[in-house]
Structures are given as C-alpha cells and as structure tokens.
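Protein chains in written order, with my numbering: chain H, 1 to 430; chain F, 431 to 858.
Rather than coming from a laboratory, the hints here were simulated on the basis of the structure. Any given hint could turn out to be false.
With a Cα cut of at most 20 Å, we get these calculated PhoX-like pairs of lysine-lysine [claimed, not checked]:
hint	chain 1	residue 1	chain 2	residue 2
1	H	270	F	654
2	H	325	H	269
3	H	310	F	479
4	H	269	F	539
5	H	111	H	139
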Amino acid sequence: MTDRKLPFAGIRVCDFSWFAASPVATKLLADHGAEVIKMESSSHPDGIRLSNPKTPGLEDVSFNASGWFNNMNTSKLCMGLNLANPRAREVYDRLIMVSDIVIENFSPRVKDRMGLNYEDYAKIKPDLIWIDQPMQGLKGPHRNRAGFGAVITPLGGLSHLSGYPHRHPIGTGTNYTDYVINPGHLAIAIIGALRRRRKTGKGQHIVMAQVASAAAILETAVLDYTVNDRIQERTGNRTSDAAPHGCYPCKGEDRECTVMTSLGPAASKKNNRWCVIAVTTDEQWNSFCHVLGNPPWTKEDKFSTLLARKQNEDELDAMVGDWTKSRTPEDIMMTLQHAGVPAGVVQDAEDILVHDPQLRSRGYYVYLDHCETGNSAYDGFAFKLSETPGVLSRPAPRIGEHTEHVCKNILGMTEDEIDMLVVEEVLEIG
Amino acid sequence: MTGQESLLGDIRILDLTGESGVYCTKLLADLGADVLRIEPPGGHPMRNKGPFVHDAVDPEKSLYWFHFNTSKRGITLDLENADGREIFKKLVKTADVLVETFHPGYLDKIGIGYSVLKTINPNLVHTAITPFGQTGPYRDFLGPDIVAQAMGGLMFLAGFPEDPPYKLGCSQAYHSASVHAAAGTMIALYARDDIGMGQFVDVSLQESVLMSLETAMQHYDMRKEIRQRIGREEPVVPGIGLYPCKDGYVFSYVVAGFGAGWDEIIRWLDNEGMAGDLKDEKWNEVWETITNYKQLVALGNNPAKLMAMLEQFYHISGILKAFLATRTKQQIFDEAAERRIMINPVQNAKDLVESPQLNALEFFSTVEHPELGMTLKYPGAPYYHISDTPWRISRRAPLSGEHNTEIYEKELGLTREELLILKNEGAI
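Go ahead and model the full structure; you've got the sequences and the hints to work with.
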C-alpha cells in the first residue's frame, strides 16, 4: 500500500539452482523482497538461458534473451561465477556464510562433488536454512538419477491420469509441475522455516524430492489403489459428477496467425477455437437447455437426468458440439455464464495476453524493460496481497551483471582480488 | 513423532473451503497448523464425492473427504443462521487465518466479509480462492476446474492436434490455486510479524495456472507465435518423447548433455543385438545435431532443416521403439538407470505405491481409522524431510461434527443448554 518494505527485505539467498522448479521458488522470494543471488557463468550457464523463445535476431548470440529464463528470474541478482572452476568454492563459501538461505537442485552426485553438504555448513552457521531439491531425493535407489520437469510428470503419475483413455499418455503440454506445484510446495516450507527461525533463531534443512511433490497432487488415485485395489485411468475431459462436461469445437476467425507445430512455426488461420462447458447441477442443465432454445433432443429421456446423460455421453457431446460449432467461444462463454452455466474459452496466449478483459483489469501481466529483449511481458502474481503485495523489482539479470556489486558490497572483496579472480576465469563480469 | 515441534503449530486456521481450496488447508494442516474444518450441519457436500471405501457410498467413507482433510479437526456450523454467525465471529477472534472459496461478495452479503472480520481480529489473514478473483468483469462467473484450465490457457497446450484439447487430470487448477493460496497465506503470516496486522489474500483459479504455460505467453509476446497442442504418437526427435513398451509406456528424455546420450543407447541396443544400422557412419550428422543442446534448440527455429532430417529421425526412433517394445517398464527403468539414460516409466498408482524410490523416501503414511477398523495408506509428504519440524498426517479426516464439544464447550465455554438450543435451530 504505502511505502511498506517488502516482506522478505533483508533476507539473502545464495542460489545455486537452475532450470525451473527451484528458480521459480526463489523468484517468489525475490519478488517479495529477498536478495536472491544466482551464480552462473558463460561456460556453465543456467541451461534455460539457451532455450527458446528468444527475441528475434538474438537466437544464437545471447544468453540473456530467453523469455523462458527471464520470466523465472525476475528481481534476482547474478554473480558471474564459474562453478566448474575448483576455485569457485572460495567465493561461494564466503557467500554462504553471509546468507540466510542456501538452495541447490543439482543431482546429488554433483552436489557432493561441490561439497554442498548442509551438515558441514550448519556446524559453522547453525541458523542457515538449507534446501536441496533434487529430482528423486538424497536417499533411495534412484537418488542419483537426473531429470527435468518433463520427466517428473510421467514419473510422478500425472501423465497417466491426463488425456483421453484410448490415447497414449503424452502428458500435460508443458512441464507442469515445474511452475507451481514443485516451487510452490517448496516456497511454503521455506517461508515456514523463515518464520520459525525468526522466533527461535534456528535454521533448518529442507529436502524436497521433486518426484514426491508431484505424486502428492493426484487426488484420490493413491488411496483408491491402496484401499480399493483400483488403478484409476485418465478420463479426458469427463468427470463422474457432471455432464455435459467437455471441450467443444467453435467457429474460427478468418485472420492469419503464426502457430507452433511440432515441426516449427507455421502460418495458419486463427481457427483452432474451442470452448468448455461444465453442467454440474440439474438447475444448470435446465438453464443450458433454455439457452439452446429447448430443442426436442434436450427433452428426451436419455438426457433428462445426470445418470442418463452420463450413460449417453458420446451422443450428448455430439449434440452439444453441433450447437457450439457455429458460434465463437467468446459468444458461448458470455451467453452461458450470464445464464448461470459454467463455460469458458479455451484461450491461447494471444487471447490471454492481449484480449482477456479479466486479466487486463487485474493487471496480471507486468511489463518490464530489459536491456536485450526490450519491453517484455512477465507473469505477475496469482495471489494478490492487500497490504504487502509483491513487486517485480527488476528484469532477470544478465550473466555476471552483479558480480562487482556482490563481490565488493556483500563479500567485501578488494578490486585487486576481484581482478585476479576474473583473470583466472573464476569470476565473470557481464 | 509425538512431542516433536511442528512448522505451523502456533497457527489456527478456519477452513471454509470447497474443492478448489481444500488442498490449501490440507497442506497447512499436515505442516502442523491447527485447522478447524467447518462444515454445514449435515456434513459438507464433499463427503458425497467418491470413490468410497470398498465402494460403499457413505458420507463417512469418502476417500475424497479423507484425502483432503487429513490432520484437521471438524465442527459443524451454519453460517446462514444468525446465531451460527455469532459463533463464527467468536472463532475468528482467536484465529490466525481464514481460508474460504465462496463466490465473491457472499460473505459480505451475510455480514461476515473481510471488512467486518478485520474489525473483530485485525491480525486475521483472510485468504479467498475464487474462479477469477475478487475484482474484474468476470468476477461473478462460475469456474469449476475445467473452466479455469481453459481460461488459463493450459488446455490449449495439452493433447493431440487431431483431438479436442484436454484438461490436465486430477483438478490441477484447484491444486495450483491451493498451492498459491498457501504460499500467499504464508507470506501474509510472515509479514504480519512486521506490520502488526493481517491482510486479504485474493487468489484466482485462472491466474493460478498461467505460470504453467511455460513459454506460451513469451512466444506470443516476443515473436507473435502461438503455442498449441503438439502431441504425437511418434516422437519427432529420436529419444525425446513417449514410447510404448510391453506393459505400458516409458517417457524418454535423452537430451544432449544431461545423462548419457545416444552412444550409450546404441551400446545398450547392440548388447541385445537390436541396434540395427545405428552404428553406421551415415548417421553422424544426425548425432551431431541431436546430441548438442544448442543445435537442438536451433533446430526448433529451422523447420526446413528439421523436415530434411525427418526421415532419418523416424528411422532411428523406430529402432529404439522396436527395442523398448520388447521390455517391461520396470526392466527399462532399471537398465536405463544403470546406464544413466533418462528413460522413465509412465507410472500409475500401482507403480507409485510399489516404487522402491518413493518407499525409500517414506512417501506413504499409514493412518488409523478406528471407526472402520482399518489402517489406510495415504500418499505422503510433498517434502520428505524438514529436519526439525517434519511433515506428517497427525490424524485422519474428522467425522461430521467430531470436535463440536471440544471447541464449543471447552474452548468457547458454551453450556449444554446453549448448545442444545443452537442444535435445535440448526445452527450447529
């Protein structure tokens, strides 16, 4: 509201993490005031820096132009430190000793090689909050298996439960657990640990196996198996307690756009249009029929009750699709919602970023000026705090953008020391 | 475990959530918060949601209720009743957090909105989870999980181009919103110690899934490219995608530089006499392209080169596919693990429960249900280790009104007579 300081002002995070799940968690801390210091170098950058999409013209030349990376690393600082250089440890050991939180998500093999063991540092600095977020945990037969969000979705059980029953379980479209589930679960524990530390002065060791976090969000799938011996299967867009409950074709628009296919970008019409409709009560069914003009088919016995509609769902969906296909999804959503029937547009990124009046009204997306990508959109906050809202205080850092600041002002190094380490390719100034 | 400190042991939460927010309060309850699950008299509708224990439809046997209400205590209270609301206000006085999922404006309408509650208890953190948030032109729209996944853009990215888009399984908009809500609540609790007051946390289901669009928003923002669903039965780049095996599917993610690469796969296949012509030198250009992450990324921007290599890609992929089809997912998992090749099974609930790794992490918890004479095995900690304050399921989900006496008599000091009157008028 007023000039209140952000909640985590004064908290310093020594951030070894890379790729997605852990960086999104430290982004949350950074956007709420923590001083998060990333460590990477041009020879060993955070791998996401290489990934698309990039600003046109900078595809092959820059580590700083990846929209994927930039979105997950707002409000952070970056010290250019070559972690593969054995002398890097001199630097990060010093940073750890002046940090409140240390986080890493290497495979345990790499973590051990770098000497990043909580116990060793906690002996000297017992109030550290230390986070290891490996794929599979620090113990168990698969502890050393590396992986990515792409692997966690099938391994954690969500792919098996997503999609149509007769099709292959190709999964979730994106590396879903990387962006909310795993970083969110972790952030909750970190903030809890910070609260406790403020009250007791004690640090804490948090280990989160990403595969376990992903297996925790399967609703009743595990209990249904352990209690009823039933292996739940994917059900497409259907659900046992509502019908119609699905995704239906809509009228497209006659204008050009560029779409991403599995073989790269391609020109297309904006005609990939769909809506969802979810009739969850008898009252909604009556309203739905009314909106359609009560055509005779809606009065047939086979659609009169939820049970009957579930038994004739293929036919029901075909009838609903016949009605939707000559209408735009926006028109369907507005008409049905005003009649009290849940419905929505299957929105694409253009709809969401440019047109959606709800997201615009709430100011969800935030535009920041970045030295290489220019004015670019960033995800804002899915929770709005009335008194201490988060702020994207700066765009993602370039590699080594804050090396001098961190070395001088936080680690207390002299110019000579810094120069020496730059010459020896331990430090990098970007 | 008893006597051990918990992470949120000093926090009291009033839980008025439906399906979209119930995972939020479960998360906080399993971290030790004292969560009072408030149900309308007669029980929360969630109790009627299956599956049920041994498929016996019974509001005290809903596995859905069990799963999402672990570690909570339960009371019944009718907020539509004036006396019920007075009791609710008393509970608000000692609460730290309220989490609710009513339509925007509903609590205001019945006189217990945030503007009232904060005068009763300025320290209260009021967390509200709604389909589109408390403000904006769509704030009154209805939004079950599938609508939020659609409006949030997640569905547009999931599925095969030849099928309609599909939602992610297991109500992921609800899960994402609950996780965001818990994180926002935690920040508000942390900030409270500084600013000396609680605050309102406004969570939108639609916004909760936006971060999970990965790069779709940036593709449009930076390049005016629209990402869409691109699922295929056959992977484009060999080794990156789904392959059927003897008893299910495996997901292969042999990406340059992470884990072992194609040379190791070829050795593996060759050992079994199934490497076909993969040792031939004619594939050198292909290996160069797909075993270098930078080149692989560049290929995504170069459809012409990709098209030119496609036939070779399919040939190579076909050889891997034929090999994987001869094995079970567990065999593949074990053999690939030995070689540090990133090929993993697509696991179902049985695989998870039997997983040596999840069991080594003590992922599953057993919980007593004395009324049923059963001990049930629950999916467990998203965190398997928080050193001093472990995650744990401290009790099974509450029976309907189970803790009414504990809360109303012992804590609020209501007399038996008062309780009887409240019961007769339907307030509790």
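Hint by hint, here is what the structure shows:
no. : hint          : result
1   : H:270 x F:654 : holds (12 Å)
2   : H:325 x H:269 : holds (16 Å)
3   : H:310 x F:479 : holds (16 Å)
4   : H:269 x F:539 : violated (46 Å)
5   : H:111 x H:139 : holds (13 Å)
Consistency note: the structure conflicts with earlier hint 4 alone.
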